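Generate coordinates for the entire structure from the input sequences, incorporating the hints supplied.
Chains as they are written, first to last, in the numbering used here: chain A, 1291 to 1906; chain B, 120 to 970.
A few of these clues could be false.
What the hints assert, rightly or not - Beyond 10 Å from chain A on every Cβ pair, some chain B residues (computed):
(1) Ala-212
(2) Gln-301
(3) Glu-671
(4) Ser-892
What the hints assert, rightly or not - Okay, the calculated beta carbon distance ranges per label pair:
(5) Asn-386/B <-> Ser-1361/A: 37 to 45 Å
(6) Leu-1618/A <-> Lys-592/B: 51 to 59 Å
(7) Gly-1356/A <-> Ser-560/B: 41 to 49 Å
(8) Met-1664/A <-> Lys-592/B: 48 to 56 Å
(9) Met-1664/A <-> Pro-549/B: 31 to 39 Å
(10) Glu-532/B <-> Ser-1662/A: 21 to 29 Å
(11) Gln-1656/A <-> Gly-676/B: 56 to 64 Å
(12) His-140/B <-> Ile-1742/A: 53 to 61 Å
(13) Ser-1661/A <-> Lys-309/B: 14 to 22 Å
(14) Glu-681/B <-> Gln-1656/A: 57 to 65 Å
(15) Ser-1802/A <-> Asn-386/B: 41 to 49 Å
(16) Glu-393/B <-> Ile-1742/A: 36 to 44 Å
(17) Gln-132/B <-> Ser-1816/A: 36 to 44 Å
(18) Glu-300/B <-> Gln-1656/A: 26 to 34 Å
As the list claims (entries may be wrong) - List of simulated lysine-lysine pairs, DSS-like, C-alpha gap at most 30 Å:
(19) Lys-1658/A <-> Lys-525/B
(20) Lys-304/B <-> Lys-1658/A
(21) Lys-1658/A <-> Lys-496/B
(22) Lys-592/B <-> Lys-1658/A
(23) Lys-1811/A <-> Lys-592/B
(24) Lys-389/B <-> Lys-1755/A
(25) Lys-1694/A <-> Lys-303/B
(26) Lys-1694/A <-> Lys-389/B
(27) Lys-389/B <-> Lys-1658/A
(28) Lys-303/B <-> Lys-1658/A
(29) Lys-1658/A <-> Lys-535/B
(30) Lys-362/B <-> Lys-136/B
(31) Lys-901/B <-> Lys-136/B
(32) Lys-1658/A <-> Lys-290/B
Worth flagging that the hints you see were computed from the coordinates, not collected in a lab. Given the structure is predicted, the values throughout are model-derived calculations rather than measurements. Just so you know, even glycine gets a beta-carbon here, dropped at the ideal spot from N, CA and C.
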Amino acid sequence: MITKLLPLLPLIPLLGFMVSLCIPRQRERPIFSVAIAAVGLELAAFSAVIYHWLTTSLSPIFASAGSLYTSQFYDFGLSFYFDGLTAVFMGMTLLLTILIMIFSKFYMHREPGFKRFYNTILLFVAGLSLVILAGNFEVLFIGWELIGISSVLLIAFYRDRVLPARNALKVFSLYRAADMGILAALWYAHHIFEKNINFTELHGLVAAHHGSLLLLGLMLFAAAIIKSAQFPFSYWLPRAMEGPTTSSAIFYGALSVHMGLFLMLRTYPLWQDEVWLRVIIAAVGLLTALVASSITHVQSSIKTQIAYASVTQIGIMFIELALGLHWLVLLHFVSNASLRTYQLLISPSVVSYLVHDQFFYFVTPQHKINSSIMGRLRATLYVLGLKEWNMNSGANYYFWRPLKAVGRTFAALDTYPAQLAVVGLFAALAGVTYVSAFSLPARLSVATMMAIVSIAFYVRAFATKNSARVCWNLIMFGHICTSTFLAFASEGAINLQLVYGAGVMAAYIVGSICLWYIEDKDRLGSLRDFQGSIYVLPLVGQLFFAICLVFMAFPITPSFLAQDILLSQIPEQHAPLIAFFCFSYLLSGVSVMRLYIKTFFGPHSSSHSENAYKAS
Amino acid sequence: MVSTMRPRDFDEQRLIKTLKHYLPSQGPLKDFVHHNTLHAFQDMKFYDAIFKASDIFGFQTTFSLHEYRDLYAIKRITPAVLERVICQHKGKATLSEWRTKCLTEAYDWTFTARTGQLRALWQRHYPINLDNEVQPLLFRIVCSYIDQGIAMSPFPFEDKGLMYAVRALEKNSLVSFFRSEQAKKLLQDKNTTITQLLQIVVGKNKQAYYQQYIYDQQFGHRGWSGIVSTVEDRPETLLYPKKISLHDMILLELILEIDVLNTVLGNDWKPLGEVVSEPPQDIFADQPRTELQEVLSIWQDAFEWSYYDTVLTGLSAKTLPSTAHNNHSKTMQAVFCIDEREYSLRTYLESLDEHAETFGAPGFFGVEFYFHPANAKFYDKLCPAPVTPKYLIKEVTQHPPHTPDKEIMYTKESHKMVRGYVFSYLLGIPAIGKLIANLVSPTMSPAIADAFAHMDPGAKLTIEHTPGQAKEKGLQIGFTISEMADRVEKLLRNIGLAHNFASLVYIISHGSSSANNPHHGAHDCGACSGRPGLVNARVFAHMANHPAVRTELAKRGVIIPETTQFVGGLHDTASDEIQFYDEAVVSPANHKQHLANTLTIEKALDLNAKERSRRFMSIDTHQDIKKIRQDIKKRSVSYYEPRPELGHGTNALCVVGRRDLTKQLFLDRRAFLNSYDYRTDHDGELLGNVLAPLGIVCGGINLEYFFSRMDNYKLGAGTKLPHNVMGLIGVANSSDGDLRSGLPLQMIEVHDPVRLMMIVEHRPEVVKKVIQSNLDLHEWFKNEWIHLVTVSPKTKALHVYTNGAFEPYQPLTKKLPNVSDIPKLVNAAPAMKTNGIVDATQENLPVHIIK
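Below is the structure:
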């Protein structure tokens, strides 16, 4: 019974989401009722599980809801897992979500995006539930991606302004980078344990492995530090606080930002014996705490201040984690999440409170810094804090901007000859494969070549300022190359190729029709500026979003499933190819999302009336 | 109009001076003083001004065409008025042609503002988004510098100006804000000028582009530039004084631009002026009005006059012979602020007790002073913003002074690393407890702006000046007897209350409590510089009760009977509560009447709350009235409530005259009411004083709402839900955003943007003489930023002020609907048809005659 209930938990908010989609957007009461009912129902089911768990001597519960795909080598099982860790995280998620939903019923009243807000929260909760209840990496990854997608929607909630749109893309890119860590871990775990592992068997597995658990741990930790905004990725957190205060409070103040921590807690049995990993975790935690604390000290805006204060504490949680103090970590998580949610919610009150406080207690601060070593250090810390230790500018300077520069040099890829050449290459390879098999070294070099070509296309798509349709084509060519690459790198069956190809192709065709339609009905400018087409064609915008999910191989879409399985079949000795794949996964996602955001978000130029300034 | 400069001779100082004129002049949030958002254009005629502002800066200054057409379709704009307006604008001959244009013609609505075009070219010629790279750091530096107390570490070296501080910081720090050597050098060179930097960025011989470039740059973030400019001009608006100038900010921004250009493009860039082919533009060049603009101005006039016409019909209607309540002794007289939010309360008070009489006067009640709360480190200015008082009133407490509670939850302690570690364990669960508590039953807390908390009712105030007492910071402590008498006499005479006193006269100021609301000051009393007026009410009552003042007043002909007593009070317009001060002075003889009056006022507040509740979704207007009162109070202390009240959202009219003029009208809380009795002022000697502050106070409020409503994205602050408080001085979206000045969406959504119509009850020739003798005041009417109408005494003839003369006006509306039961009318109000989601907010109700 309970094992049947467990997989239902994440489905309940999804169901609520489906129902809510059908309610007209002006009807605030029914929208709210559906949302609160969904989360309430999930809470009820959760309570039943808790009750069962408490009465069965706290032993972990494992439940399987079948498999998405099974073969001799690979099993994409939908399994779920419940233990003390799940109980704490799930409890906090549901409690805070319900409180925020009630709060928002008044707070969001008469907001044009009222429905969108509740729908996105339901998606988010479904994502969180999946991650928290996941019984294996596959399910966890689905949830992880769902969080990323709903984050984009929450951050770009005010999608008619440029900053939210830009920051949504920024956060999405980082989340996508975190996904690379999990993807790599998925593949690596599959290889070192020679099967798809469940979280129930982590303890037992460790002995049987033949690989580096340190490496596996590092892959997971890479994903964790990004998702939990640790150094040097902390800068995304304040920039995610673009939506209504309530959603910032709950997700970026409390829940989403602790998910990296959760990942490490969940996989603790896997890496607990890796002393070096513990040292690294503690070091990153400590560094983050110190750096974030120095940034907190100089923040002059309230939400950024709370964001960095929260990051500081999460840094300390990682230290506690490395020391193996699990219950302390959990307690710290619960109190930090609660405190920061509340502080963010009442952050607008700071004007009344601090000004009043100042009126009675003001002392002119000591602003002199002497030229001693300590003084110079303080000045240095001040400048570093103000510049957020160059985290944001550094990422731009050393990663995104060079990437764009590279992309600009590939301008030729926009043209037909280059694209025809790729099609020709693809056909030739297919033809040759049909006639005779490649030798292993040849296969590997073809795979590597195709991986590089696919990355070139994605990079170009990411940098192009041409029209959206050109960009869409570029991504499609990237996919063609990726599929060829996967085919040559793995021993994958042809049918998986077909699934991948069909999924992507279908998305490509429908997407092209959408873009053509937009060009016809609205207009399709270059990707230089934000177009804001969603204001003219909201339905197309929604449809196109769904298509983009397929096109970026979002989990549970056929393209992802095929990709994932093919990936698992890449032999261990081809590890560099995994790096290529992860990179192309990052780039395809980011290019697709950029295209979407630039086309549909931002101010629509048809009226100067309802547009904010770019800087606001 | 500030003249624009000719190209070639570039003058930094002059450029900055003009620029400051156009930047928003909203001060830090703690004092919210409403003003005309387009104050820089106030020397032009209204339509010329708004279209010019629109051309230059891209503001939307009218509704869009379809909004007007929708209003026409639902008869909020009437065909008759539209017809008349077209005839006035275009002449009778072209009526049908222009009517077609208004109703059906399609116009191109795409539009490019003149500012912003030049700097946008950077991105066309180079792979760089300059704003993106420069603004976040610039805003951070400027915000940290001005910060009033959010950051835990103050900006080092901040006492000698922004540039000094940045230079000193750079010298001492081991890391730099800049990456390129050129930028570092330019920063450290104290002789670097804006012109010099412009030569680098725009080009040596490209002076013709300089002005345009700086306007593009500064209007790319008008919020930050505006606050810097305001703080520069009025440093006293900050508690923690900061020395900053717009000049420094521009200098810093140009250096940052050079740094980014060098870093991103290396040596591979040329000044903008040398790469563009577009000729320089004079952004202030006059442009002929387009046909679309003509149509829009016709529509706006038609929209305004469709409403005014009904009001004027109501005002000129024959009234019932006023019930001769002069014969009966009055139970009370109550002087309220002119604020339109007091309109309904006054109506209910009068209808509950026909012997009650109400008056309206600007809410500082003519007493201007600084207030020093016990133990406070600063003074509060309690009078209209343009006035600089010479007096200080101090709060003196016997019992331990009330210093505000400190709650660790709201302080910065939990943001520190080690202390935060401890606090995050200790405070987490209580935080959730507090959140649940506020959801279930919201109550007042230290984090909530409490209107009543501005003064300790038990404390004494130093109202009377002791001769020989030393001045404090150049301010005289308290008023002398004759100074008190001056003020009491002036107010009483202005409002026509110089005789027939009731035994109890209430002086009721107003303020507003609200939670989670950085704009709470905007709901307080505008005549008290955006603060609650309770101290003023208490001070005035004390003065008017003072025996020596009474003696002095009697000498001047204002005889207040000995039995008459003044009682001060505060009306919280959000929670609908009234608190009285110094009730102990009420004599035993008056005590019973005072109790009876208190009950009447309490009942009036009930009804007032009910009338207000129709706009609020969370309150069921049909439930028990006491329950409504509770719900209304709850809103004022709920963190989750972005609309504790709707502020001046309904303002449209300002009536200067006797209460009898408006008593028979239901105006749906849309009128400022300033009492004035023409019978005591035949030649308009007092009228000048009465009208003088109304332009800036009521006109300021009205136009701030007007423009925030018309363009909530650029002239308003947008929705307040994502706002992030910056440095305690303003709000921005996101961590890197521009400061948003103006009013948030939640305050203006019920507002019908019509210019204020001021209605004066006097003879047109008297009013004309009075307004033309005050140039500042006259500008508002002459340039049509405020409409002016006179209602002649006795005949009730109407005259409208047009082009410097009063013209007779015949209302088109023949008959107004009647109402006998206001609560019923209010309950039956239809949902708003023209404004976004129609779930809850109801339409502004038409004018009714109260039977």
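Okay, the hints, checked on the actual structure:
| no. | hint | in the structure |
| --- | --- | --- |
| 1 | Ala-212 | 32 Å, holds |
| 2 | Gln-301 | 18 Å, holds |
| 3 | Glu-671 | 35 Å, holds |
| 4 | Ser-892 | 40 Å, holds |
| 5 | Asn-386/B <-> Ser-1361/A: 37 to 45 Å | 58 Å, violated |
| 6 | Leu-1618/A <-> Lys-592/B: 51 to 59 Å | 54 Å, holds |
| 7 | Gly-1356/A <-> Ser-560/B: 41 to 49 Å | 47 Å, holds |
| 8 | Met-1664/A <-> Lys-592/B: 48 to 56 Å | 37 Å, violated |
| 9 | Met-1664/A <-> Pro-549/B: 31 to 39 Å | 37 Å, holds |
| 10 | Glu-532/B <-> Ser-1662/A: 21 to 29 Å | 28 Å, holds |
| 11 | Gln-1656/A <-> Gly-676/B: 56 to 64 Å | 59 Å, holds |
| 12 | His-140/B <-> Ile-1742/A: 53 to 61 Å | 58 Å, holds |
| 13 | Ser-1661/A <-> Lys-309/B: 14 to 22 Å | 19 Å, holds |
| 14 | Glu-681/B <-> Gln-1656/A: 57 to 65 Å | 58 Å, holds |
| 15 | Ser-1802/A <-> Asn-386/B: 41 to 49 Å | 42 Å, holds |
| 16 | Glu-393/B <-> Ile-1742/A: 36 to 44 Å | 40 Å, holds |
| 17 | Gln-132/B <-> Ser-1816/A: 36 to 44 Å | 41 Å, holds |
| 18 | Glu-300/B <-> Gln-1656/A: 26 to 34 Å | 32 Å, holds |
| 19 | Lys-1658/A <-> Lys-525/B | 28 Å, holds |
| 20 | Lys-304/B <-> Lys-1658/A | 23 Å, holds |
| 21 | Lys-1658/A <-> Lys-496/B | 22 Å, holds |
| 22 | Lys-592/B <-> Lys-1658/A | 27 Å, holds |
| 23 | Lys-1811/A <-> Lys-592/B | 68 Å, violated |
| 24 | Lys-389/B <-> Lys-1755/A | 22 Å, holds |
| 25 | Lys-1694/A <-> Lys-303/B | 27 Å, holds |
| 26 | Lys-1694/A <-> Lys-389/B | 22 Å, holds |
| 27 | Lys-389/B <-> Lys-1658/A | 40 Å, violated |
| 28 | Lys-303/B <-> Lys-1658/A | 22 Å, holds |
| 29 | Lys-1658/A <-> Lys-535/B | 21 Å, holds |
| 30 | Lys-362/B <-> Lys-136/B | 17 Å, holds |
| 31 | Lys-901/B <-> Lys-136/B | 26 Å, holds |
| 32 | Lys-1658/A <-> Lys-290/B | 13 Å, holds |
Of the hints listed earlier, those the structure fails to meet are numbers 5, 8, 23 and 27, in rising order.
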